[in-house]
Structure formats: C-alpha cells, structure tokens
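*Asks:* Given the structure of chain A, go ahead and fit chain B onto it with the hints provided.
Note that the protein sequences, when read in sequence, are chains A and B.
Heads up: the first sequence begins at 1 in the working numbering, then just goes up one per residue.
Heads up: the second sequence begins at 170 in the working numbering, then just goes up one per residue.
Derived from the structure by calculation, the hints contain no laboratory data.
Any given hint might turn out to be false.
To be verified - Calculated pairs, DSSO-like style, for lysine-lysine (alpha carbon to alpha carbon, straight line, at most 27 Å):
#  : chain 1 : residue 1 : chain 2 : residue 2
1  : A       : Lys94     : A       : Lys134
2  : B       : Lys294    : A       : Lys163
3  : B       : Lys258    : B       : Lys318
4  : B       : Lys318    : A       : Lys163
5  : A       : Lys125    : B       : Lys303
6  : B       : Lys318    : A       : Lys134
7  : B       : Lys258    : A       : Lys163
8  : B       : Lys301    : B       : Lys332
9  : A       : Lys163    : B       : Lys263
10 : B       : Lys303    : A       : Lys94
11 : B       : Lys301    : A       : Lys163
12 : A       : Lys163    : B       : Lys303
13 : A       : Lys134    : A       : Lys163
14 : B       : Lys303    : A       : Lys132
So the chains spell out like this:
Protein chains: 2
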Amino acid sequence: MLVALSAFFLFLIAGSAVLSRARDIRTPDLQGDNSPANVIFRLEDEAMEQWRQGNPLRWAEISADEISYIDPNLASPIIGIDAYREYLKALAGKVAYDASEYVHPRVALYGNTAVLTYNYHSLCKDRDGVLKRKSYWNTTEVFSLIAGKWKIVHSHWSYIQGKRADSGI
Amino acid sequence: MLVALSAFFLFLIAGSAVLSRARDIRTPDLQGDNSPANVIFRLEDEAMEQWRQGNPLRWAEISADEISYIDPNLASPIIGIDAYREYLKALAGKVAYDASEYVHPRVALYGNTAVLTYNYHSLCKDRDGVLKRKSYWNTTEVFSLIAGKWKIVHSHWSYIQGKRADSGI
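The following block holds chain A by itself, in its conformation from the complex (with noise of 0.2 Å):
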C-alpha cells in the first residue's frame, strides 16, 4: 500500500513538473510549421505589417478583453481592450515605413501561455533604396490561447537603451 502510494504520489509530481516546465523554447521564423511558437510569431508579424502601412487596429484585434499594454508614451500601463482600442485608433494612418525585422525571435510555452520576445527595427529605404534601421525596440508580447485563438494578453514596449534625462538606479 505504501509502495502503491509512493508511485502515486510521484506519478503526481512528475506529472506536475512537465506541466509546469516550460514544453518548448524555439526561435520561430514566418515559414516555419504550424507549431505554436509559429502560429503565434506569424500572428504578430501579419498585425505588424497592418500597422506598418496605418492599420494599428489588427493589434486590438488579436488582443484578449484584459490585455495590459506598455510602450514609451504612455505614463502607466493601459489596461482593458476599449482603452488599448481609443490608443491605437488615434493612430490610425499615422504610421508608414518600408519594412520590418525581428532579432532573434524567441518563443517559449508554458501550457497554453507563450511569451514571446524579440528586439524590432522598423526599416526605411534611404536616397539609394537601401534599407536602413529606424527604430530600436525591445519587444515581450505574452499570448494566451482563449477559446481556440491565440490572444496577446500583456504587451510591453521600449526602446533598446532608452534612457530619462532624471532616471536615476
């Protein structure tokens, strides 16, 4: 009985820690299977080239009703999908350059929750046509899968190195 009880027990446990661990760390890329990690940063890179070209409304869509959002304007964290909505409509239209890259994409999953990672340059193309970096971002977007679709639930924006004139440690 003890024995039994034991196995039972570690059964638990075992079953506990795989759950618990992350199953799967993978650097995604936009060909990629259909695993999560690809549906996920493909997701991310379609709402992308909507915002590019002035569309910032794709990111609403794709984000759950509790989302938090962080970028570098804001003051504090936005919080709600009808707040995160009014931010992004404001900016709609005025957003427009020439392409997008993703450093190192990075995607680990932990059950149905994905934190996704990357550093993000937009591109525009200088006199010559050549593309040059922009912008400077590090990027964390945690998804979740809600009702069969994966949703962003926590968005957080900065600048690579963006500093305050007052910051201080």
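*Replies:* Below, chain B without anything else, positioned relative to chain A:
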C-alpha cells in the same frame, strides 16, 4: 446518446475555456492572503528588498533556468540563468536606496503562468528625511510554477517614457 455526447462536448469546451482564460486578475498586496497573486508579489518584493540593500543575486534564485531578461542597459536580452547570474554578480554591493514604491501591481493568472506588472520607484531620503522618487520603471515579470515553486521566466524593465536620442516611430 446524442444528448449525452453533446453534454460531454459542452463539458470539454467549457472546461477548456475556463482553463485558458485568465482565472484571476488581482491587485495583490504585501499583507494579502496566500493566493498565487500575493505569493508572487511577496516573492518579488523580498527579492527587491535584497536588491535595494546591495544583494542582486536573490533575483537569480527566484528565476528559471531559461529566463529571458531585458533592461535599459542591454543591447539585447540576456538568455539563461548563467548569463543572468553573471550580470547580477557585477552589481553586487553597488545598489543602495531607502525604500520601494509599487504603483498598481497587477497579477493576471493563466493556469500555472502569471503576468505581474507594476510601475516601480526607488526612493531616497532627502536632507529633511523625506522620501523622494529617484527612478521611474515599467516592470513586467512572467512567473511560472515550476516543481511547485513560482519562478521568473521573463523580466522586462524599462524606464517610464524612456527614449533614445535617435528613436524613430
């Protein structure tokens, strides 16, 4: 049979929806109960207290092997606990301030994964002993329950409204 089957599918769908949505979005407090939100926030605050007093290594102790870490001093994320520990070691004894202020801490729970966000200020006493804000942070900490312990799997620190001299869109 059809009814029984439908009820079974309904159970599956409902169960899946409950599991995949945030089960809990809370404003934790340091005196709170033992809910995941409060356990996580107290873990964070305890590491912050050690950091504040010159020991940065508690952050590594509560982080997972696969941690990805972003802050405004870095050109790209730190990946993995070994690199993160080395980074922290170099800061040992170099940080000292008087108190911490968390603004609107929030935990969104997705199964065994939690997204903790807050704005953070380090505080120093002025000549009259009055605590003054010295830094202005956006903070994202993603925790995962690994072998029964909440561990940080991703950190993103940025200065509130931190900018680059060359920043574009």
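*Asks:* Please go over all the hints and tell whether each is borne out by the structure.
*Replies:* Okay, the hints, checked on the actual structure:
no.	hint	result
1	A:Lys94 x A:Lys134	16 Å, holds
2	B:Lys294 x A:Lys163	23 Å, holds
3	B:Lys258 x B:Lys318	23 Å, holds
4	B:Lys318 x A:Lys163	34 Å, violated
5	A:Lys125 x B:Lys303	40 Å, violated
6	B:Lys318 x A:Lys134	42 Å, violated
7	B:Lys258 x A:Lys163	23 Å, holds
8	B:Lys301 x B:Lys332	23 Å, holds
9	A:Lys163 x B:Lys263	19 Å, holds
10	B:Lys303 x A:Lys94	34 Å, violated
11	B:Lys301 x A:Lys163	19 Å, holds
12	A:Lys163 x B:Lys303	14 Å, holds
13	A:Lys134 x A:Lys163	17 Å, holds
14	B:Lys303 x A:Lys132	36 Å, violated
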